[in-house]
Amino acid sequence: MQGLRDKDEAALRALMERYGNVLMRTAYLLVKDKQTAEEAVMDTFIQAYRKIGQLQHPDRLESWLLRIAVNQCRMRTRTWSWSRILPLAHVERMVEEEEPGPEELLIGTWRNEKLSEALLELDYKYREAIVLFYYNGLNVAEIAAQTSSNENTVKARLARGRAQLKLMLERQEEANETGGRATVH
Amino acid sequence: MRPEEEQQFIRDRLDEELGDLRFLRSAEVLDRTHPRSLPAKLRALWNYEFELPLLPIGASFAVLLAILFVAQLQENTDNRQRAAVMPRAERQLVEAGGNTYWKDEYEKAVRGVEAQDQS
Chain A
1 MQGLRDKDEA ALRALMERYG NVLMRTAYLL VKDKQTAEEA VMDTFIQAYR KIGQLQHPDR
61 LESWLLRIAV NQCRMRTRTW SWSRILPLAH VERMVEEEEP GPEELLIGTW RNEKLSEALL
121 ELDYKYREAI VLFYYNGLNV AEIAAQTSSN ENTVKARLAR GRAQLKLMLE RQEEANETGG
181 RATVH
Chain B
1001 MRPEEEQQFI RDRLDEELGD LRFLRSAEVL DRTHPRSLPA KLRALWNYEF ELPLLPIGAS
1061 FAVLLAILFV AQLQENTDNR QRAAVMPRAE RQLVEAGGNT YWKDEYEKAV RGVEAQDQS
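Going line by line, the protein sequences match chains A and B. When the first sequence is numbered by the working numbering, its final residue is 185 and no position is left out of the sequence of numbers. When the second sequence is numbered by the working numbering, its final residue is 1119 and no position is left out of the sequence of numbers.
There could be a bad hint or two in this list.
[Unchecked claim] For each label pair, taking beta carbons as the anchor points, the in silico distance ranges come out as:
(1) B:Pro1003 to A:Glu62: 40 to 50 Å
(2) B:Gln1072 to A:Lys34: 53 to 63 Å
(3) B:Gln1072 to A:Arg74: 38 to 48 Å
(4) A:Arg74 to B:Asp1117: 18 to 28 Å
(5) A:Gly137 to B:Leu1065: 14 to 24 Å
(6) B:Val1063 to A:Glu62: 14 to 24 Å
(7) B:Arg1011 to A:Asp59: 13 to 23 Å
(8) A:Glu173 to B:Ala1027: 47 to 57 Å
(9) A:Arg60 to B:Arg1011: 11 to 21 Å
(10) A:Glu177 to B:Tyr1048: 48 to 58 Å
[Stated by the list, open to error] With a Cα cut of at most 30 Å, we get these calculated DSS-like pairs of lysine-lysine:
(11) B:Lys1041 to A:Lys7
(12) A:Lys34 to A:Lys7
(13) A:Lys51 to A:Lys34
(14) A:Lys34 to B:Lys1103
(15) A:Lys114 to A:Lys51
(16) A:Lys51 to A:Lys7
(17) B:Lys1041 to A:Lys51
(18) A:Lys32 to A:Lys125
(19) A:Lys166 to A:Lys34
The hints are simulated quantities; they were obtained by calculation from the structure and are not laboratory data. Note that CB positions come from ideal geometry on N, CA and C, so glycine has one too.
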């Protein structure tokens, strides 16, 4: 950490070795493209190196890096939408009340399907919540802090994302079974 | 399976599925943060990102626009007031270059041209 503050090259190299792969996989799950993910992670490390002085608590280095990476991914996936002007947060709150809570297990419906492929099919906002929760191991409050949203929104996105993911995994399973039967005949 | 165990299980599964994805461009990062050759230094300088605070710049621009707008409005109002103060009957017509102008407007235009010539 001190090495980074001193702009030491070896410290930056060690930082990339330690967090590079996790950030790369997180970025790939968010932006759905390997090259874009690489660029996002590169810019994450460059920004972290230049702004290391802004990190107050060294023990929060990983979540600080993750926050920069998430912002880099958001910048790269940003498209104009009416929802920016008319936020539909209230719709998400309604969804939260109707669907299972964020802590409900996903694993029940999941067998051998490719989880990453199903994840990439989700809308960005649901994918972001699901990736940060499952892959990066953040809790609802941490995701809310990382994405500058409120906790209810995060809970709603997790619930909605999980519901969509279950549906996709079930479809994958059905397709696999149908394919399997066809092969047997 | 408890939620924490599920989280770990899914994380492991994703790590397994995405195992081939590795960050391999650390050399390019170092080239930008610690450029050695002259081209790399120039590239790093060219790609250097700086942030502009949007709010103060936007606010300054808005204030500048407001000042220009008010100044323009003031000038138009003055012209209209001058025309209103001087009744039509008191205004004189002059001829210049085969055209006819109000004398006060003509003198104002001449003064403007003279001022431009002097500067």
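Results of checking the hints against the structure:
1. B:Pro1003 to A:Glu62: 40 to 50 Å: 21 Å, violated
2. B:Gln1072 to A:Lys34: 53 to 63 Å: Holds, since B:Gln1072 and A:Lys34 (Cβ atoms, about 55 Å apart) stay within the stated range.
3. B:Gln1072 to A:Arg74: 38 to 48 Å: 41 Å, holds
4. A:Arg74 to B:Asp1117: 18 to 28 Å: 58 Å, violated
5. A:Gly137 to B:Leu1065: 14 to 24 Å: 49 Å, violated
6. B:Val1063 to A:Glu62: 14 to 24 Å: 43 Å, violated
7. B:Arg1011 to A:Asp59: 13 to 23 Å: Holds - the Cβ-Cβ distance for B:Arg1011 and A:Asp59, about 21 Å, lies within 13 to 23 Å.
8. A:Glu173 to B:Ala1027: 47 to 57 Å: Violated - the Cβ-Cβ distance for A:Glu173 and B:Ala1027, about 42 Å, lies outside 47 to 57 Å.
9. A:Arg60 to B:Arg1011: 11 to 21 Å: Check passed, 20 Å falls within 11 to 21 Å.
10. A:Glu177 to B:Tyr1048: 48 to 58 Å: 55 Å, holds
11. B:Lys1041 to A:Lys7: 16 Å, holds
12. A:Lys34 to A:Lys7: Between A:Lys34 and A:Lys7 the Cα gap is close to 28 Å, so the pair holds against 30 Å.
13. A:Lys51 to A:Lys34: Holds. A:Lys51 to A:Lys34 sits at ~25 Å (cutoff 30 Å).
14. A:Lys34 to B:Lys1103: 75 Å, violated
15. A:Lys114 to A:Lys51: Judged against 30 Å, a Cα distance of about 38 Å means the pair is violated.
16. A:Lys51 to A:Lys7: 10 Å, holds
17. B:Lys1041 to A:Lys51: Judged against 30 Å, a Cα distance of about 19 Å means the pair holds.
18. A:Lys32 to A:Lys125: 13 Å, holds
19. A:Lys166 to A:Lys34: The hint holds at about 25 Å.
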